[in-house]
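Trainee: Work the whole structure out from these sequences, hints included.
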Amino acid sequence: MNSHYLIPILNRFSYLRAHLVVSNRRNHKISPNFFRVCRFSFNYSRENMESEGQKTATNPSAMLAGLLLHFLQHAINHQSQKLTCQSHAQVITRGLEQNSFLITKLISAYSICGNLKESTLIFDLVSTITIYTWNSLINAFVKNYVFHGAFDRFKEMQQCDIIPDHFTLSTLAKASTEIGNVAVGKLIHGKSIRLGFMLDIVVANSLVSMYFKYGECEASLKLFDEMPERNSASWNVLLAGYASSSDCFYVKEVWEVVRSMQTDGIKPDAFTISSTLPLCGDPIGKLSYGKELHCYMVKNELDLDFGSNVHLGCCLIDMYSRDNKVIASRYVFDQIKSKNIYVWTAMVRGYVQNEDPDKALILFQEMQMKDGIVPNRISLISLLPACSSHAGLMNGKQIHGFAIRKEFNDDVSLCNALIDMYSKCGSLENARRVFESDSFCKDAISWTTLISAFGLHGRGKEAIRLYNDMVELGIKPDPITIVGVLSACGRSGLVNEGLQIYSTVVQEFGIKPTAEICAVVVDLLGSIGELEQALSFIKTMLVEPGPGVWGALVSASVKYRNYEMLELAYRSLVELEPENASNFISLSNLYASASRWDVVAELRNTMKERGLRKAAGCSWIDINTKTHCFHVADKAHPSSKLIYQVLDHVFIIMKEPHCYDDLGYV
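First residue of the sequence shown: 67, per the working numbering; consecutive thereafter.
If you're looking for bench data, these hints aren't it; they were derived computationally from the structure. Any given hint could turn out to be false.
[To be verified] Derived SDA-like pairs: lysine to any residue, alpha-carbon spacing no greater than 20 Å straight-line:
| id | residue 1 | residue 2 |
| --- | --- | --- |
| 1 | 527 | 502 |
| 2 | 209 | 144 |
| 3 | 508 | 477 |
| 4 | 542 | 570 |
| 5 | 425 | 440 |
| 6 | 279 | 337 |
| 7 | 463 | 406 |
| 8 | 240 | 337 |
| 9 | 578 | 511 |
Mentor: Shown next as structure tokens:
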């Protein structure tokens, strides 16, 4: 074949490579036209590049292998099983089954698509296996969460006298944390020392991360300090380890790491910032730290529209939303021009968290109509609480129907959110129907959600029955389950049953009473007038009594008109929640009823100094798919005049003697 025959082929290859680059940047689906171009290229190479007896300086098989490597990388980027299978077919028909580069890439491509079986079959058919092929297979098992299988293959690799490299050891270090066996992790550490890989920065970073995930922070720090060389990934591993620690114990250390890495001459990158932002804002840390990072992003021109930086936008939206700065969240959202599903979901979640379900629902519709983005499981889960707080049963049903059409109804988290939504919208039967469906595997949260739903609707006996079924099936209840079933008992007047369940869970399941559990117990005791016993229980609690505990005592004290106990409870609430205006107003009203005007004046002055104002009450009703919202003394509704006329008529009827027996109590 003459060399001029290669010119259109190389042009075609260049076009394909350019197409791959553009498609990867846009992160779009693979178009049918792309597959047509693939078929043309394969046919062209078959007809013109390997005519029998024709020799060229350029190896056609090598060129075709290079093209296939590009296709397989594209398949990996897009998780395309179709393109992987087509490329695999060409590998077989062109006799390239023993090309180690192609085989390694094929194993990776199939594993990314979740087809571990095909990856294993390809590996088993290879005659000459390199370390890279072994690494690809071991990584395939790890990617598909078959961690023990990864270690089994590692043993086979050693039996074949193949010495592991830095990629093998770093992959296995990650796998050891997933199986939760620190002994295995230490074996990998020992292997790294014996083979001299502790100077390798990739292996060292993996081991630092591994020990953090085991909760051995001192071991991680020791390894980090012993590293002769550190890159930005090393600092990010240390930062992520601190940031992911439970109870935010290391929030201070996180900021020290950020400052130290800059002292070391390494600028914080997108990963650094995305690991740190979740620790900023309520209820975790100071919003001022988050604002510093936001300023750093602006000064260093970190474009929120560029690739992985879009994730930073999501983190900023979440941070401001957690701190009730939803206007700032929306500002960040509007700055992002190339919004993906995660950016939209973050903003929807922000509106839901800040109790603005109307805007959450509007934004969700805008996401589909304006950008043409199809909701995923996470976006549906984020939106469902908006239907719950809005009593929007119709919207909730539409989301449920969409989930069924998209075959999302096998997702346990989504089904749990549906159960919660239906129960809060007053449709307990629909909640039960979702729970009893066979489309998903129920977990402890599923049981807890339905138990709480029964309690919310005053069906305590059914809640207890469901709780007993849960225990009999061997599903261990957690503190949230106990709160749910005890609350159900309290609402249904099943006090003895509730107290019995409480004593059982402490003795049999070893559950330590949380402040929430104790609050429900106080409520149970208070509901039967055992106020002294409730106060004694509070004093002997193993945890510090929170607002919920004292709030339960307030309710009981009001019910049984124990003003001494009521004053004690309110005083405790004011100390615990100095920014809650409702506590001050309730305590002020209590003293006003006793004509202690000096104390009333003192409380009112305190509220004024702190700028505390009670939020106006709000209620809503959904009529013919339209939601009508009302605030206290609100006259903004178009039918407000007629509404107040009806209310005046109701008040007149209420004043008639037959409406109540005890005028003084009312």
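Trainee: Hints first: check each against the structure and report whether it holds.
Mentor: Here is what the structure says about each hint:
Restraint check for residue 527 and residue 502: the C-alpha separation of about 18 Å stays at or below 20 Å, so the hint holds. The hinted pair formed by residue 209 and residue 144 meets the criterion: a straight-line CA distance of about 15 Å does not exceed 20 Å. Among the hinted pairs, residue 508 with residue 477 is consistent with the structure: their alpha-carbon atoms are about 10 Å apart, no more than 20 Å. At most 20 Å may separate the alpha-carbon atoms for a hinted pair to count; residue 542 and residue 570 meet this at roughly 13 Å.
Proposed proximity of residue 425 and residue 440 is supported: the alpha carbons are some 18 Å apart, at most 20 Å. As the CA atoms of residue 279 and residue 337 are separated by approximately 18 Å, the hinted pair is consistent with the 20 Å bound. Note on residue 463 and residue 406: the hinted pairing is violated, with a Cα-Cα distance of about 25 Å set against a maximum of 20 Å. Taken as a hint, the residue 240 and residue 337 pair is honoured in the structure, with Cα atoms around 19 Å apart against an allowance of 20 Å.
For a cut-off of 20 Å, the pair hint linking residue 578 to residue 511 stands: about 19 Å separates their Cα positions.
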